[in-house]
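Chains as they are written, first to last, in this note's numbering: chain A, 1 to 291; chain B, 1 to 283; chain C, 1 to 239.
One or more hints might be untrue.
Some, not all, of what chain B presents toward chain C, calculated at C-beta under 8 Å [unchecked claim]:
hint, residue
1, 11
2, 13
3, 137
Hints in this document: simulated from the structure, not taken from any laboratory.
Just so you know, these numbers come straight off a predicted model, no measurement behind them.
Ideal Cβ placement from N, Cα and C applies to all residues, glycine included.
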Amino acid sequence: MTETLTLSNPRAFRPATTEPVLVKWTLITLVLAILAVLLFAPLIAVFEEALRRGWAFAIASLSERDAQSAIRLTLLVAAITVPLNAVFGIAAAWAVTKFDWRGKAWVITLIDLPFSISPVVAGLLFVLMFGSNSALGVWLVANGYPIVFAVPGIVLATLFITFPFVARELIPVMLEQGRAEEEAALTLGASGWRVFFTVTLPNIRWALLYGVLLCNARAMGEFGAVAVVSGKIRGQTTTMPLMIEMFYNEYLSVAAFTMAAVLALLAFVTLALKSALEWRYADQLAATHRH
Amino acid sequence: MTARSFSLKSPTPMPGWGLSFGIMLTMLSVVVLIPMAVLLWRGFVGFGPTGMWEVVNRPRVWNALELSFRAAFVASLFNLVFGVLLAWVLVRYRFPGKRLIDAAVDLPFALPTAVAGIALTAIYAPNGVLGSVILETFGARVAYTELGIWIALIFVGLPFVVRTVQPVIEEIDRETEEASATLGATRLRTLTHVVLPMLTPAALTGFALALARSVGEYGSVIFIAGNLPNVTEIAPLLIVIRLEEFDYNGAVAIAIAMLAISFTLLLAINLIQIWSRRRMGAV
Amino acid sequence: MNIDIEDISKDFGKTVALHPVSLALPSGTLVALLGPSGSGKTTLLRILGGLEFPNAGRVLFDGSDATNLSVQERRAGFVFQSYALFRHMTVFDNIAYGLRARPRKTRPQAAEIARRVTKLLDLIKLPDIGARYPSQLSGGQRQRVALARALAIEPRMLLLDEPFGALDAKVRKELRQGLRDIHDTTGLTTVFVTHDQEEAMELADLVVVMSMGRIEQIGRPEEIRTRPKTDFVREFLSA
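Given the sequences, and given the hints that come with them, work out the whole structure.
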């Protein structure tokens with residue numbers, strides 16, 4: 001705006017809190033160039049490689065039996081993990097924000113712990129607990145409940161990896177909203193569940209959706225932890241990210257990149273919904289307070 | 001009811017304590033605490049500190065740990081500088097497509113690591129779009145070298161510094177910058193002596209978060225790394241290899257070594273946050 | 001309803017909020033709990049409403065022990081300092097909340113709920129705002145809606161935490177009279193917390209001066225003004 005001002009001084013007036021126009025555009029160009037090389041080029045590559053032999057070929061690679069079962073397994077794992085995580089997140093946020101108790105800070109740190117642990121180590125944890133080297137694992141397999149190299153292990157590993165997502169989003173939001181509305185509902189005679197469903201849940205619904213969205217993206221895309229526990233049995237314990245690796249190692253490039261393109265589209269949808277939430281409900285999200 | 005007894009929680013009419021605390025503690029125990037305890041027990045009691053040290057203190061393991069840590073450090077350092085720059089551009093400048101760029105910064109959070117891995121490999125391989133250009137002009141190979149690992153880890157850690165620094169820039173009181181200008185400082189001096197110090201605590205927090213994430217990263221790295229023992233073999237991959245050989249003790253030892261690194265980092269993050277709160281709180 | 005407080009004490013860990021205090025509030029009085037911040041007045045109010053539990057002592061409603069009554073069972077109309085209106089509900093739904101929360105047997109029909117809400121909106125002299133959301137109201141309007149919401153449950157007493165705290169001077173004066181009128185119409189035992197001595201003196205029948213978790217003096221406004229019992233009361237009134 002200020003650039004359009006006409007001043008008697010030939011040197012255009014520049015506010016004290018801005019940089020020279022040349023510097024500004026150099027920085028913007030530099031940033032965009034780096035992002036292009038780091039973020040956008042790989043993304044374009046995914047779709048280019050997927051469509052290298054045309055749409056028909058790409059779609060045909062997805063309709064293969066193993067690919068189909070990988071898609072089904074990924075959806076199944078997400079369908080189990082995400083609701084469990086939402087329940088955990090709500091319970092943890094309620095316990096942390098509605099009550100005062102000893103050791104709260106420790107528990108919050110423990111909830112965040114999975115974020116700083118390598119996915120491979122996460123997978124290892126469940127191999128150690130339920131694998132063929134542990135008495136419990138042997139007993140479970142003998143009784144027909146295999147955990148490792150089976151779906152329950154994949155669910156547990158995914159649960160570990162995505163553990164903090166919902167709680168982390170809800171806790172700051174519920175802390176900020178305080179306890180007064182819940183207390184008001186109680187004085188008006190409402191029962192505990194009624195307070196939760198009619199007062200708390202409406203206030204946190206967008207934050208909950210936000211957390212669930214990120215949790216789901218991670219659950220569907222997790223590779224390292226799942227790779228360790230799954231055993232990579234084709235058609236049985238192979239999720240979409242693992243299928244990508246298999247196709248890739250078998251030089252089935254189009255199949256690998258087509259599967260990758262499907263997950264990339266999921267990432268787009270996640271980002272679009274996330275941005276829409278941030279734009280529309282900024283005041284009700286913890287993440288946008290951080291932004 | 002007047003008797004004073006030890007209680008975890010102060011009394012309140014708020015409902016749902018038992019249920020919420022019960023669900024939280026049960027899931028935390030089953031998913032996180034017990035598995036972690038099993039790992040530590042297997043390492044320290046089952047295998048023993050000396051046994052673990054013998055596993056870790058071999059060139060191949062040492063090289064892998066060093067590589068994971070070094071590459072994570074280099075990538076996070078790049079992200080520290082670039083993240084501050086990107087955050088500044090996103091907050092202070094207006095340009096077409098800004099909102100799209102802002103949303104795209106979170107792409108590494110949303111894109112599965114395996115997808116990122118094969119995509120980066122495709123373009124940075126010696127016959128890839130960018131890889132071939134770099135090979136011709138600089139004579140350097142990117143994919144299947146340590147440089148490739150750096151690229152993958154830069155991708156993975158990109159959003160952290162941006163997202164911690166962005167809100168701090170948004171909240172800077174412009175009068176501080178104006179005050180600096182009225183005192184005769186050039187714009188550059190204002191930026192380096194007034195603005196940057198204000199961003200430092202948040203930038204360091206973001207740096208540590210990115211570091212913690214990239215030290216353990218697996219999915220995006222293994223495709224581009226080449227995975228040559230002692231050269232481009234990262235520590236998480238070595239754990240996977242040990243497991244495939246059914247060498248559980250070896251896997252446990254390397255995992256515990258990595259956890260030790262991660263916890264040092266977590267401690268550093270907490271110290272930085274305490275330090276920055278103390279410093280910035282006084283302003 | 002008569003309210004008796006017998007040797008109530010309360011601490012939060014190491015900080016003592018209330019030393020044992022005793023107090024008798026006759027039915028139908030308008031009582032002010034007056035004191036600086038940290039004097040324990042809000043804690044005492046929250047104990048009456050069932051939002052905090054005392055460490056020791058008893059609360060009696062009309063002579064029967066109410067100490068262990070749950071917050072729902074107490075039926076205390078509570079007006080929060082921040083008003084705590086449900087931000088995602090309209091004014092109408094806010095006021096109807098307590099009636100709808102009743103068990104099916106005692107829950108009024110929808111038409112009856114609507115009739116009562118309308119009556120309460122008339123009582124607070126805001127008949128046309130039922131469809132609005134709390135964020136669309138002024139501070140004074142929010143306070144009156146919070147009052148109406150508390151009255152909707154046909155409370156046994158009215159408890160207000162700094163009811164005029166967040167308002168500017170002009171609105172404050174108007175709403176004081178509003179509270180007095182509502183108290184006189186309903187005849188409810190009403191307790192409000194304030195740090196403003198002028199407000200307490202002008203509005204209340206009975207003023208309880210508190211400091212550091214203790215009751216310094218109980219009396220009618222003119223009594224306290226003319227015969228302050230302790231140095232604290234004298235200084236607090238002259239401030």
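Going through the hints against the structure:
1. 11: Where the cut-off is 8 Å and the nearest Cβ of chain C is about 4 Å from residue 11(B), the hint holds.
2. 13: holds, 4 Å
3. 137: violated, 59 Å
Checked against the numbered hints given earlier, this structure breaks only hint 3.
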